[in-house]
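Visitor: Protein chains in written order, with the numbering used here: chain B, 465 to 665; chain H, 465 to 665.
To be clear, the hints were calculated from the coordinates, so they are not data collected in a lab. A hint or two may mislead.
Unchecked claim - Computed footprint of chain H on chain B, listed as stretches where at least three residues anywhere in the stretch have a Cβ under 8 Å from a Cβ of chain H:
id, segment
1, 489-498
2, 503-514
3, 548-556
4, 588-597
Stated by the list, open to error - Cut-off 25 Å, straight-line C-alpha distance, at most; resulting in silico cross-link-like pairs (SDA-like, lysine to any residue):
id, chain 1, residue 1, chain 2, residue 2
5, B, K517, H, A562
6, B, K517, B, E498
7, H, K517, B, A570
8, B, K517, H, H471
9, B, K517, H, G601
10, H, K517, B, E526
11, H, K517, B, D472
12, H, K517, B, R497
13, H, K517, B, Q489
14, B, K517, H, I541
15, H, K517, B, M496
16, B, K517, H, D518
17, B, K517, H, A493
18, B, K517, H, V587
19, H, K517, B, R474
20, H, K517, B, Q501
21, B, K517, H, G508
22, H, K517, B, D518
23, H, K517, B, V587
24, B, K517, H, T600
25, H, K517, B, R558
Unchecked claim - Which bits of chain B does chain H cover? Going by a derived footprint, with three or more residues having C-beta under 8 Å, they are:
id, segment
26, 471-481
27, 650-660
Since the model is a prediction, treat every value here as computed from it, not as a measurement. Don't be surprised by glycine CBs; every beta carbon is placed ideally from N, CA and C.
There are 2 protein chains.
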Amino acid sequence: MPRKVDHDERRRHIVGALLRIAGAQGLDAVSMREVAQEAGVSLGAVQHYFASKDAMLLYALEQWLSLDVHRSFAERIRARVAREPAATPLATLRAVAAEYLPHDDATSLEARVGLAFQSRAAVTPALAAALVLAYTGFVGTLRGILRHCGQPLDADTAAHELAALLDGLRHPVLIGALRYADALGIVDGHLARLLDHERRP
Amino acid sequence: MPRKVDHDERRRHIVGALLRIAGAQGLDAVSMREVAQEAGVSLGAVQHYFASKDAMLLYALEQWLSLDVHRSFAERIRARVAREPAATPLATLRAVAAEYLPHDDATSLEARVGLAFQSRAAVTPALAAALVLAYTGFVGTLRGILRHCGQPLDADTAAHELAALLDGLRHPVLIGALRYADALGIVDGHLARLLDHERRP
Numbered sequence: 465m466p467r468k469v470d471h472d473e474r475r476r477h478i479v480g481a482l483l484r485i486a487g488a489q490g491l492d493a494v495s496m497r498e499v500a501q502e503a504g505v506s507l508g509a510v511q512h513y514f515a516s517k518d519a520m521l522l523y524a525l526e527q528w529l530s531l532d533v534h535r536s537f538a539e540r541i542r543a544r545v546a547r548e549p550a551a552t553p554l555a556t557l558r559a560v561a562a563e564y565l566p567h568d569d570a571t572s573l574e575a576r577v578g579l580a581f582q583s584r585a586a587v588t589p590a591l592a593a594a595l596v597l598a599y600t601g602f603v604g605t606l607r608g609i610l611r612h613c614g615q616p617l618d619a620d621t622a623a624h625e626l627a628a629l630l631d632g633l634r635h636p637v638l639i640g641a642l643r644y645a646d647a648l649g650i651v652d653g654h655l656a657r658l659l660d661h662e663r664r665p
Numbered sequence: 465m466p467r468k469v470d471h472d473e474r475r476r477h478i479v480g481a482l483l484r485i486a487g488a489q490g491l492d493a494v495s496m497r498e499v500a501q502e503a504g505v506s507l508g509a510v511q512h513y514f515a516s517k518d519a520m521l522l523y524a525l526e527q528w529l530s531l532d533v534h535r536s537f538a539e540r541i542r543a544r545v546a547r548e549p550a551a552t553p554l555a556t557l558r559a560v561a562a563e564y565l566p567h568d569d570a571t572s573l574e575a576r577v578g579l580a581f582q583s584r585a586a587v588t589p590a591l592a593a594a595l596v597l598a599y600t601g602f603v604g605t606l607r608g609i610l611r612h613c614g615q616p617l618d619a620d621t622a623a624h625e626l627a628a629l630l631d632g633l634r635h636p637v638l639i640g641a642l643r644y645a646d647a648l649g650i651v652d653g654h655l656a657r658l659l660d661h662e663r664r665p
């Protein structure tokens, strides 16, 4: 009996190649031919798994969001929080910011890939739907942490605001218009004002 | 004597075609051939003015930033402030937010084109340099307004924070994850907290 081909593994391998190209050169540079070359497989193999470039991008976005981003991001935050003297909600929010903002090769690649997908999602409804889900998930995570801050704040609005602030800080850091430390300082000031303010009568 | 060809006018015409394609389909869809077709000129004419796609994109970004964005954005803000009962710095900041966030065809196109350039700039140093300038200009404008708020706040940090918040709110509005009115409400809350907080001793 022939060994069963692990199709999921093959798809993931192709998606890995796509993300490397997207991170280095943007999604413009992604074609099925380029991806096949980067993955070291034939164009036919890529076409076997994906009917079109758009189908490949959607699958890659969903894979990337569910696996790479979610898992590695959560792990990195846990590691950061574990190093904090007190695992308060504020410390967790700071850890989220510290990991979300680009500060090394891996997080810069993540931010570039994210931006590439955001840009393409703005003109591709299927990708937009996937990013709406991802955005809702991110805001939900932040809301959950903010609810435990022991402050009578509007956690939903605060979560949307923090998500936007973090997302909006990524680009200037990525292009060198703002230093990582200064971006983190802005988030710190924001959190201090938010929690301080809400604490007052 | 033959009539002098207005090269700037021709370049602007080509750039207009490029921005229409970028706004509708993203920068992926921008090729010199596509732009020539959209502009109704020959491929050779496009190649006469631009040595490469990258050169064309850089020129388009600079044109777009200096003309379209700056001029029309400033005009719209002035019109909005003129309708306000009191032309306070807070009213001006609200007008900036109201115009920056996508809420009609023109502002959605502007946000999509901006995102497309941000994404490409993250992997193209020449474009990044142009966007660093644009970012610095935007932050400078916000800082100038914040300095007149009559509050003892750190206008520079507040300007970076507001710029990031506005930029980060654009995408969820663009993909339908957040309503325009809710995004504006978040900015309002942010400004109220910022100014209220700084007013306290």
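Visitor: All hints are to be evaluated individually against the structure, with a verdict given for each.
Guide: The hints, checked one at a time:
{"no.": "1", "hint": "489-498", "verdict": "holds (count 4)"}
{"no.": "2", "hint": "503-514", "verdict": "violated (count 0)"}
{"no.": "3", "hint": "548-556", "verdict": "violated (count 0)"}
{"no.": "4", "hint": "588-597", "verdict": "holds (count 4)"}
{"no.": "5", "hint": "K517(B) - A562(H)", "verdict": "violated (36 Å)"}
{"no.": "6", "hint": "K517(B) - E498(B)", "verdict": "holds (11 Å)"}
{"no.": "7", "hint": "K517(H) - A570(B)", "verdict": "violated (28 Å)"}
{"no.": "8", "hint": "K517(B) - H471(H)", "verdict": "violated (37 Å)"}
{"no.": "9", "hint": "K517(B) - G601(H)", "verdict": "violated (37 Å)"}
{"no.": "10", "hint": "K517(H) - E526(B)", "verdict": "violated (30 Å)"}
{"no.": "11", "hint": "K517(H) - D472(B)", "verdict": "violated (37 Å)"}
{"no.": "12", "hint": "K517(H) - R497(B)", "verdict": "holds (20 Å)"}
{"no.": "13", "hint": "K517(H) - Q489(B)", "verdict": "holds (14 Å)"}
{"no.": "14", "hint": "K517(B) - I541(H)", "verdict": "violated (40 Å)"}
{"no.": "15", "hint": "K517(H) - M496(B)", "verdict": "holds (21 Å)"}
{"no.": "16", "hint": "K517(B) - D518(H)", "verdict": "holds (23 Å)"}
{"no.": "17", "hint": "K517(B) - A493(H)", "verdict": "holds (13 Å)"}
{"no.": "18", "hint": "K517(B) - V587(H)", "verdict": "holds (21 Å)"}
{"no.": "19", "hint": "K517(H) - R474(B)", "verdict": "violated (34 Å)"}
{"no.": "20", "hint": "K517(H) - Q501(B)", "verdict": "holds (23 Å)"}
{"no.": "21", "hint": "K517(B) - G508(H)", "verdict": "violated (29 Å)"}
{"no.": "22", "hint": "K517(H) - D518(B)", "verdict": "holds (23 Å)"}
{"no.": "23", "hint": "K517(H) - V587(B)", "verdict": "holds (20 Å)"}
{"no.": "24", "hint": "K517(B) - T600(H)", "verdict": "violated (36 Å)"}
{"no.": "25", "hint": "K517(H) - R558(B)", "verdict": "violated (41 Å)"}
{"no.": "26", "hint": "471-481", "verdict": "violated (count 0)"}
{"no.": "27", "hint": "650-660", "verdict": "holds (count 6)"}
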